[in-house]
Every structure is written in C-alpha cells, then in structure tokens.
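Produce the entire structure from the sequences given, and follow the hints as far as they go.
Residues per chain, in single letters:
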Amino acid sequence: MQPGLQLFPDSASTFASSVDWLFAYLMAVSIFFGLLICLGLIYIAFRYHRRAPDEVGADVHSSTLLEVGWMVVPFLLCLVMFFWGAEIYIAERQPPSQAMEVYVVGKQWMWKLQHTEGRKEINELHVPVNRPVKLVMASEDVIHDFYVPAFRLKEDVVPGRYTTLWFQATKTGQYHLFCSQYCGTNHALMGGWVYVMEPAAYEAWLGGESANGPVSLAAGGEQLFNSLACHTCHQPDNKGRGPSLMGVYGSTVKLEGGQTVLADNQYIRESILQPSAKIVEGYQPLMPTFQGLVTEDQLLQLMAYVKSLGAPATGPSVPATAAKAKPAAK
Amino acid sequence: MSESESILRGHFRDLPQQRATATLGMWIFMATEIMFFGGLFLTYTVNRAAYPGIFAEASHHLNVVLGTVNTAVLICSSMTMAMAVYCSHKGRQKALSIYLILTMILGLGFLGIKAAEWTEHFQHHLVPGFNFQFSPAAAAGPAQLYFSLYFAMTGMHALHMIIGLGILTFLLIESFRARYTPEYNTPVELSGIYWHFVDIIWIYLFPLLYLIDIHK
Amino acid sequence: MSSSAQTLALPRKNYLNEGYGVKSWLLTTDHKRIALLYLVVVTFFFFVGGFFAVLIRINLLTPAGTFVSAETYNRLFTMHGITMVFFFLIPSIPAVLGNFLIPMMIGARDLAFPRLNLLSWYIYVAGGLFTLYSQLAGGVDTGWTFYTPLSSVYANGHVVAAALGIFITGFSSILTGLNFIVTIHTMRAPGMTWFRLPLFVWTHYATSVIFILGTPVIAIAIALVAMERIFHIGFFNPAWGGDPILFQHLFWFYSHPAVYIMILPAMGVVSEIVPTFARKRLFGYHFVAAASFGIAVIGFLVWGHHMFVSSESVYSAMSFSFLSYLVAIPSAVKVFNWMATLYKGSVSYQTPMLYAMGFIGLFVIGGLTGLFLACLGMDVHVHDTYFVIAHFHYIMVGGAVMGYMGGLHYWWPKISGRLYSESLAKFAALVLFVGFNLTFFPQFVLGYMGMPRRYHSYPPEFQVLNVMSTAGASILGIGYLLPMAYFIWSMRYGPIAGPNPWPATGLEWQTSSPPPPENFEVTPVVTWEPYDFSGRPDLMAELAAQARAERPVSEGQ
Amino acid sequence: MSGHNERLQEAAEKIDDQMAIHADEHSPSPKAYLAVFLTLLCLTFLTYEVALINLGKWNVVVALAIAFVKSTLVALVFMHVYQSSRRTKLVVVAGLVWLFFLIFLTMSDYLTRHWLY
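Protein chains in written order, with the working numbering: chain A, 55 to 384; chain B, 19 to 234; chain C, 3 to 559; chain D, 9 to 125.
It is possible that some hints are incorrect.
Derived DSBU-like pairs (lysine-lysine); straight-line CA-CA distance at most 30 Å [unchecked claim]:
hint	chain 1	residue 1	chain 2	residue 2
1	D	K65	B	K132
2	C	K15	C	K25
3	A	K308	D	K65
4	D	K97	B	K108
5	B	K112	D	K39
6	D	K65	B	K234
Everything labelled a hint here was simulated from the structure, so no lab data went into it.
None of the values given here were measured: they were computed from a predicted structure.
Okay, structure coming up:
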C-alpha cells in the first residue's frame with residue numbers, strides 16, 4: 055500500500071467501476087444541492103440581515119407551485135438513484151453460471167476458505183484475474199461480513215444459511231479483506247488479503263504445497279458421507295430407507311403433503327441439520343439430526359459431494375447454477 | 019393540590035374534557051399493546067413458515083378441549099365485563115359489584131385452566147429450558163421453538179390477565195364505596211376496554227396455537 | 003438584548019420558587035419541573051456517553067489502537083451507542099423541551115396526565131440505573147444494535163441488565179408519547195385550532211406516533227433476546243432453530259423510526275427559531291406540518307435498508323430502497339420551506355438562529371449522504387463502514403443535538419427567566435460547528451475508502467483521517483462544556499430576560515418568564531395565525547418600544 | 009388560497025371536535041350484548057369444528073377469518089368502538105395499519121427469498 059494520504063480506494067473488480075460512476079452521480083447531485091442551500095443561506099445572511107430593530111419580514115408565506123416543485127424535482131433525481139442502484143445490486147446477486155466456486159466459512163475471528171480443487175487457506179483468498187468467482191459462505195457462530203473494498207462488495211455471512219457473493223477481478227494485486235459485521239472481541243482482526251493473480255500463477259498456486267496435490271472438496275465429502283454412514287440409507291438405487299441422492303441437486307423435490315422444494319444449498323443443509331423439517335414424499339422421518347455433529351466446513355464438503363452426484367458428466371457447478379436461476383415453487 | 023378529592027382534576031376545563039382525555043389515552047395504549055403483541059405474532063409467523071411440519075406436530079401436544087373451554091370462559095368474562103360497564107352507566111351499584119365479581123371468577127377460572135395446561139406440559143417435558151424432550155428427537159429444536167413461542171405468548175397474555183384482575187379488584191373496592199355513578203364511571207369503562215382487548219388477543223392465540231394444524 | 007425597562011425582576015410567583023425542598027421536586031406533577039428533572043438526567047447521560055466517545059477517539063489515534071484493549075474498546079462503543087441513543091437522543095428534545103413547552107404552546111395548564119408524566123421520569127431513571135449498573139459492572143460488548151446470535155449467545159458482557167434497562171426506558175417513551183398525543187388532542191386553548199399549532203407541537207405529535215407504535219416492538223425484541231440468553235431457547239439463534247434476521251427486522255422496525263424520533267423534534271425547534279429570527283410567517287406551514295407526518299409514517303416503511311447486505315431478499319431490498327427515497331420528499335419540503343421563510347425576512351443572527359442555520363447545513367449533508375445509503379448498489383460498498391458512522395452523526399449530532407442546543411438557547415430565557423452571555427454563546431456555537439465538521443467529515447472519506455465500523459485497530463493508511471477526526475472531537479468536547487458553564491452561570495447572574503425577549507409569537511411567550519405554576523394567569527384565547535408578526539398589534543407595539551429604547555444608544559450586534 | 013386553508017382547517021376540526029363522547033347515552037343494550045355473546049360462543053364452536061376438517065392451506069385462512077369476525081364484534085360492541093368518535097376509530101385503525109406494516113414488510117422479505125438468487 056502507498057504510504058501517506060490516500061483519498062480514494064483501489065478499483066479492482068468489474069463492479070468497482072460501475073459503483074464509482076454511481077458514486078459520481080450521487081456526488082454531483084449532493085454537491086449541487088449542498089451548494090445551493092449553503093450559498094443560499096449565505097446570500098440570505100447578507101441580503102436580508104435585519105436593518106432596524108422594529109423591522110419585520112415580508113408577508114410571503116405560501117406557494118403551492120413552489121412546494122410541488124421542490125417535491126417533484128428531488129424525487130425524480132432520487133428515482134434515477136433508485137433504478138441505477140437497483141440495477142447494480144441485481145447484477146451483484148446474479149452470479150454467471152460459469153463462475154468458479156470458493157467456499158467460505160467465517161468463525162470468530164477468522165476466515166476459512168476452501169477451493170473446489172481442495173486447496174484451503176485462512177484469512178487469504180487467491181483468485182485468478184478476469185474470471186468470475188462465486189463465494190458460497192457460511193458462518194459457524196455469529197454474523198460476519200465478507201468485505202473487499204477494492205471490489206466494492208460485501209455480504210453478510212449468516213449462521214444457519216448460505217449467502218453468496220460474486221465478483222470478477224480486473225487487476226492483479228493484493229487487496230484488503232475485512233469483516234464488516236461486528237462479531238465480537240477481535241472483530242477488527244478478522245481480515246486479511248485477497249490476492250488477484252494471473253491465471254497461470256493461480257493454477258500453480260492451486261497445485262498447492264503437497265506433492266500429490268490436495269484432495270478435492272467433493273472427494274472429501276464422499277469420504278465423510280461414508281464415515282458418517284449416510285450411504286447405508288441413501289443408496290444410489292433408491293432401495294435404502296432414505297431417498298437416493300443421484301441427480302437430486304438442482305432438481306425439484308416432491309415432499310410429503312404435496313409441496314415441492316428446489317434442492318439448493320439451503321435445502322441440502324436443512325436436510326442434514328433439520329431432517330424432519332421437510333420429508334421427501336414416500337419416506338419416513340427416520341433420519342437423525344446432524345446438528346452439532348458436522349462442522350460448517352464438513353457441511354460444505356458434503357454439499358460439494360451431493361452436487362457432484364447431480365451431474366457427474368459435466369463437472370460440479372454448471373447445471374446446479376443454471377437450475378437455480380429459475381424461480382422456486384413459492 | 020386536592021386532586022384525589024374531587025372528580026374533576028385541576029387542569030381540566032370540565033368533565034367531558036376529562037373523560038375524552040382518559041378515553042383517548044386508553045385507546046392509544048391499546049394501539050401500543052397491539053404492536054407489543056404484534057412482535058410476538060410476527061415471530062410466530064416467521065418461524066411457523068420456516069417449520070410448518072414440526073409446528074403442526076408440536077401443536078398436537080396441546081389440549082384442544084381445554085383450549086376451547088378456556089376460550090368460552092374468556093368470552094363469558096367479556097360478557098360479564100360488558101354488563102358491569104353497562105350497570106356503572108346506569109348507576110346500578112349492586113349489579114356492578116356482582117358483575118365485577120363474576121368477571122373476576124371467570125378470569126381466575128381461565129388462569130386456573132391455563133395453569134393446569136402448563137403443569138401438563140411440564141410433566142411431559144415440553145417446557146423449554148427445563149429438560150425439554152420431544153420425539154422425533156431430530157425435530158426437538160424447532161419444536162422447542164414452538165413451545166418457547168407458546169409460553170411467551172400465553173405467558174404474556176396471562177400476565178395481562180393478572181394485571182386485569184388487579185384492576186378489577188381495585189374497581190370492586192371502589193364500587194363497594196359507591197364511587198361510580200352515571201356521571202363518573204370512566205375507570206370502569208376503561209378497564210372494560212382493557213379486559214376486552216385481552217380477550218381479543220386470546221381470540222387470535224387460540225386458533226394460531228391450538229387449532230390450525232389439528233386436522234393433520 | 004431587550005431587558006427593556008419595565009421588567010427588571012423575576013415574577014414573584016413562578017414555578018421555580020413554588021417550593022424548595024427535594025420533595026417539591028421529586029413528587030412534582032408540574033410538567034415544567036418534570037422537564038427540568040429530565041434535563042438534569044439527560045445532561046448526565048450526555049456527558050457519560052460523551053466520555054465514552056472521547057476514549058474511542060483517543061484509541062483510534064494510532065492504527066494499532068493500543069490505548070485500550072479490543073475488549074474494552076468494544077464495550078466503549080457499545081455503551082456510547084446505548085447511552086447516547088436510548089438515554090440521551092431519544093428523550094432529549096421531547097422529554098425536556100417538549101415536556102416544558104407543549105402545554106404552554108397550546109395554552110393548557112399541564113399535560114393531560116401529570117402523574118403519568120412524573121411516572122415516566124421515574125421509569126426512565128430506573129431504566130438508566132439498570133444500564134448504568136451494566137456499565138459499572140463491566141459493560142456490554144454487543145454494539146447498541148444487539149445483533150443476534152452475538153448478543154443472545156456469544157457475547158460476554160451484562161447483556162441482560164442492559165437489555166432490561168432499554169426495555170424499561172421504552173415504557174417511559176411510550177407514556178411520554180401517549181401523554182403528548184392526548185394533550186394535543188384534548189387540552190388546546192380556545193381558538194387554538196389544528197392549523198394554529200406551532201410546528202414544534204406538530205413534530206412532537208409525529209414523534210409521539212413513533213413512540214407509541216414503534217417502541218413496543220423493540221421492547222418485545224429485546225425481551226426475546228434476554229429470554230434466549232437466560233433460558234437458551236432459540237428465537238434467533240440458528241443453532242437452536244431460530245432466525246437471526248428476524249431480530250434485525252424487529253429491531254430496525256423501531257430503531258429506524260427512532261432516528262426520526264431524534265430528528266423530528268429538532269426540526270420542530272428549527273421551525274420555531276427560523277420564523278422568530280426572520281420575523282416572518284413560516285413559509286408553507288401546511289406542507290411543513292404534513293411533512294412531519296410524512297416522515298413519521300414513511301419512516302416506518304424503510305427499515306429494511308439497514309439489511310441490504312444481510313441476505314434480505316432482492317425484492318424486499320428493492321422495495322425498501324424505493325420507500326427510503328420517499329423520505330427525501332418531506333425532508334426536502336422542510337429544508338426548502340425554512341430557506342423560503344428566511345427569504346425576504348428580517349433576519350437577525352442571535353445564538354438560537356446560529357444553531358438553526360447550523361442545523362440546516364449539517365442536516366442537508368446528513369440527508370444527502372442518506373441518499374447514498376438508500377441506493378442499493380452504493381450501500382453494498384459503504385454499508386457498515388465509517389461512511390455510515392459519519393452519515394448518522396451528521397443527522398444525530400449535526401441535526402438532533404444542534405436542534406437541542408438551539409432549542410435550549412432559544413427557550414432558556416423562558417425556562418430560567420434569565421439571559422446567558424450572547425457573545426460566549428455565539429463563540430460556543432462556532433466551536434461546535436467547526437469541531438463537529440472536523441470530527442465527522444473525514445469519516446465520509448474513510449468510509450468510501452472502506453474502513454469498517456467498530457474496528458479497534460485499522461490499516462495504517464487510514465491514520466491521517468482518523469487523527470483529523472480525533473482532533474475535531476477534542477474541539478467538539480470543549481464546545482459542549484462551554485454552554486454547560488454559562489447556563490449554570492446565568493441561572494444566578496444572568497440578566498433578567500422578561501416575558502418575550504426575542505420577541506416571538508408563540509403562546510409560551512405570552513406569560514411571564516419563568517412561567518407561573520399554572521402557566522397562564524388566565525386561559526388564553528387564540529385569534530391569530532401562527533408566526534404572524536404583522537397581524538399582532540401587541541407585538542408590533544413591543545417592537546416599536548424596543549426600537550425607541552435602543553435607537554439613541556445604537557447597540558451593535 | 010384562504011378558502012383552501014379554511015377547508016383544510018374544517019376537515020381537521022371535524023376529526024377532532026367530535027370528541028364530546030357520550031358513550032353512556034348510546035351504549036348498546038344488554039340485548040345487543042347477549043346477541044354478540046351468543047354469536048361469539050357459536051363462532052368458537054364453529055372454529056373448533058372447522059379445524060377438524062382438512063382444508064389444506066385454507067384451514068389457516070378460515071380460522072383467522074373467524075377470529076377476525078370475533079375480534080371485530082368484541083371491539084365494535086363490547087368495546088363501544090361502533091359508537092365512539094372518529095378519533096377513537098382512527099387510533100384503532102392506526103394500530104392495525106402499523107401491525108400490517110410490520111408483518112407485511114417483514115414477510116415480504118421471507119416469502120420472496122427465492123424470487124431472484
């Protein structure tokens with residue numbers, strides 16, 4: 055980082071420039087009205103200063119036209135802000151389907167990150183430049199917030215559910231990563247760096263420290279699936295006491311009672327932690343809860359595994375995200 | 019400063035003004051109460067939407083017959099309270115006292131039945147924080163949430179009932195002293211509004227907690 | 003300026019000398035005395051909260067933040083927030099100035115429920131004692147927002163005691179709001195129609211609506227947090243089945259409108275000061291009155307803009323963003339109408355007017371930066387950064403506290419019957435204005451740079467701006483001590499003010515200063531339009547008399 | 009312009025100055041109370057019976073509709089809202105509208121979580 059007084063943050067994502075342009079518009083409107091009012095006050099101070107002790111003001115005290123004017127004009131300017139801001143916000147919530155996924159777990163007071171290929175890191179995130187990256191985030195304890203000012207992006211990491219964040223870095227370099235939702239004693243220390251790398255350098259980094267390369271996330275999930283004995287009930291041929299998980303991810307599941315649910319991250323998570331909340335049609339609520347038995351990291355591994363069962367031919371992420379873009383049964 | 023002696027307080031012009039003031043104050047307090055219970059109703063709604071199945075399952079542990087009887091008891095007490103207010107307007111001192119006593123008995127009856135229900139939940143380990151047990155065990159978390167809300171809502175309601183009984187006791191003592199006349203009966207009128215409001219809360223608690231899932 | 007010849011002594015009978023014992027104060031049902039009781043406690047909490055702020059700013063002088071530990075720092079900003087929001091800002095203008103003035107402004111002898119009024123002071127003090135206890139016993143480190151599950155499960159401090167304090171104080175707010183609404187409806191003097199009410203009364207009506215309809219919701223939310231913490235039942239903790247976002251909904255349903263509890267009464271103060279010192283009817287009276295209600299009602303529909311990044315649904319975020327922009331309309335109406343009131347006025351710049359102008363300028367900056375935060379794409383970047391801190395301090399300190407200070411200076415002659423030193427007061431106002439901007443303007447830049455709020459230590463590139471902010475805070479601190487000193491001085495040594503020193507048009511100026519216990523010797527009858535000078539022969543005569551008295555001496559202002 | 013102001017003023021006065029409530033003069037007769045009382049008891053029985061039938065998601069709707077009818081009856085007759093001033097009615101409506109704000113806007117978040125991901 056450059057020493058001395060810096061007054062504007064780095065811009066290193068596709069969103070950064072669009073947010074900065076929006077900022078410019080907001081500043082222009084603000085400066086215009088700020089100056090209008092302050093200069094107006096100063097003008098009045100000189101022009102209408104009381105000149106005689108018994109002087110009173112002129113008797114002008116209403117004008118409907120003026121009132122309507124200064125209601126409508128600011129509101130129209132605000133409408134522009136609203137639509138412009140909403141457009142960026144919606145884009146920020148719609149990760150492209152080919153985005154690479156990184157799994158993030160926040161806990162007091164560190165960030166744990168796992169790449170699908172298996173490389174893990176703490177308080178650091180390595181990503182390739184010019185490639186969309188989607189973060190799937192979970193919290194082990196309280197609410198945290200993943201914030202990268204240079205990307206102009208943040209999103210709370212809420213316990214009990216998955217939140218997502220996506221970006222496409224545009225400039226290699228090292229950028230601040232902050233936790234921006236107050237999370238307890240060492241909140242200020244819960245941060246680190248995001249390293250945006252050239253694709254080749256990133257690939258090399260992914261290979262990792264160990265000689266034979268890390269175990270992929272889905273493979274780790276499969277080991278876990280077997281060691282937790284999930285496979286005894288969830289057999290691939292639908293003959294177990296639980297439903298088969300082949301091709302479940304991203305599909306629409308029929309529930310007891312006639313409702314349906316989209317099998318997304320949240321559903322997989324709930325099915326592991328609150329299995330009796332939603333019962334698949336034709337099955338008994340026999341599954342025990344795994345609340346407290348699996349960590350958030352392990353849950354994400356299991357999820358990656360279930361996801362890999364979804365579409366074994368084309369690789370993990372593509373059909374899942376495509377399916378998610380459709381609205382679920384409400 | 020002899021405020022308590024005369025009916026008209028010093029800072030009012032006349033009795034109608036004083037009466038309108040007290041009535042408006044009471045109604046504004048009722049609006050506050052709506053929002054107070056509203057927070058609980060919202061918490062209930064959000065969580066029921068999250069766990070419809072388990073909430074239904076948990077609601078089956080309530081005694082619907084007792085709940086229905088209690089609803090009827092409370093409606094009866096509202097009737098007697100309404101009659102008490104009516105008698106205070108007409109200046110029927112003795113009938114006023116009798117209706118107040120009836121209302122109190124019905125109110126106590128409601129609380130008694132409620133206490134019996136709570137005892138039953140306690141014996142069945144359905145009180146959150148006190149060795150809560152639920153089967154299937156996988157549903158214990160949300161079921162405990164249901165019972166937390168159940169106790170929070172019925173407990174808050176019962177607290178209002180107890181406060182109401184305190185107010186009724188005060189009214190009864192004052193009515194023995196023949197304080198309420200056709201000219202001055204605002205306290206009875208306002209206590210009536212409060213009592214009916216507590217009734218209305220129960221009118222919503224009853225279906226939401228007991229009824230809507232019993233067919234499942 | 004106008005201790006004009008006729009009144010050189012305080013009125014023989016006034017509310018201050020009605021009784022002298024402790025009992026005559028602690029058991030009083032006189033709204034004016036209760037207002038002073040509030041003034042004492044509110045001032046106490048202001049300096050408690052200010053003390054915490056000073057420690058926070060000292061700690062942030064260096065990036066490493068070694069002045070206090072992280073744990074202590076977290077407790078400091080939490081207690082700064084809780085004290086300032088719940089025990090200073092929310093009661094300040096309504097409970098002190100509102101209590102004192104509303105009955106007088108509408109020509110009543112007292113509030114509708116005087117004993118309830120006293121009770122609400124005791125409830126407020128009781129709540130304050132719980133919170134003080136939690137602070138002395140080691141504090142709370144949840145942030146004033148009490149976000150779950152941090153507050154309900156993970157935090158170490160005395161959360162339950164602090165929550166109980168806020169819960170109890172809430173009832174004080176509810177009773178005050180109830181009292182105001184009923185009083186405004188039923189206690190008005192003959193001829194005091196709705197559209198002759200001073201805007202101070204209108205804004206307090208709107209504030210009271212928030213008090214009575216918002217406060218119960220936070221009371222229940224805070225109570226649920228306490229229950230979750232004590233009994234380990236999961237309303238909000240996801241590990242126990244609850245939903246942490248639900249708490250945020252319940253919390254902000256009140257706490258966003260609570261911002262309008264702070265700013266609306268201050269707008270009321272400014273709407274009184276501006277016509278008085280411009281000697282001109284308030285421009286667009288009906289629109290300004292309606293704008294108060296607009297702010298109070300729309301204020302209840304925008305709370306979700308505190309949750310744009312907390313996994314709120316996109317649809318919901320968009321509707322909250324849109325509704326937030328609606329608040330801009332009544333805010334703009336207020337500001338432009340004040341400007342239009344000054345236009346072609348006969349403006350004099352005494353201390354209250356300086357505060358009112360300071361309010362307008364700072365509120366405009368606070369309001370305009372609010373547009374950034376209501377804007378979805380922008381908020382994602384600046385949410386939970388120092389940009390937000392700067393924004394709400396511009397509203398709460400630059401707006402609400404400036405309004406409160408302006409109101410105190412404006413009505414001090416009425417409250418105490420005496421004048422303060424005008425030159426000293428002007429100097430203090432200037433110090434406050436400079437100190438305030440130096441403290442908080444750099445924080446906008448810090449926020450856009452990305453410095454998150456509630457950070458005990460920070461990256462070194464943020465240091466220069468933080469040092470500027472701390473420097474400003476030290477100036478601000480002195481600025482607040484000055485008025486404290488000269489107000490106390492004036493209580494004994496200040497020149498006698500007379501009934502209507504500025505002069506102003508409101509009913510409260512039609513009685514002696516300090517007013518008699520029953521406010522008016524005879525119930526006033528109102529026949530004039532609000533803020534009208536030229537239609538008031540009595541005031542015009544007073545002005546002429548003052549002019550005659552002053553002209554030969556030619557006193558420079 | 010002044011005509012406009014006068015009309016505004018008149019409207020505001022209308023809301024306010026119906027404050028001389030003489031509820032005692034128009035309060036309902038015991039007969040009305042009895043009728044409402046019996047209706048309430050019948051509705052209580054009805055809501056219990058209907059709850060036993062499986063109507064799917066309509067069970068909630070029916071139960072709440074009956075509760076709404078019951079509470080409206082209590083408010084209008086027992087609490088004398090029907091005879092009360094417009095001001096009192098305004099307060100009641102304000103309470104309900106604010107309750108609607110709270111529940112509607114909060115649920116608009118929960119129920120639309122899947123609209124756009």
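Hint by hint, here is what the structure shows:
| no. | hint | verdict |
| --- | --- | --- |
| 1 | D:K65 <-> B:K132 | holds (28 Å) |
| 2 | C:K15 <-> C:K25 | holds (19 Å) |
| 3 | A:K308 <-> D:K65 | holds (17 Å) |
| 4 | D:K97 <-> B:K108 | holds (25 Å) |
| 5 | B:K112 <-> D:K39 | holds (20 Å) |
| 6 | D:K65 <-> B:K234 | holds (11 Å) |
Consistency note: the structure conflicts with none of the earlier hints.
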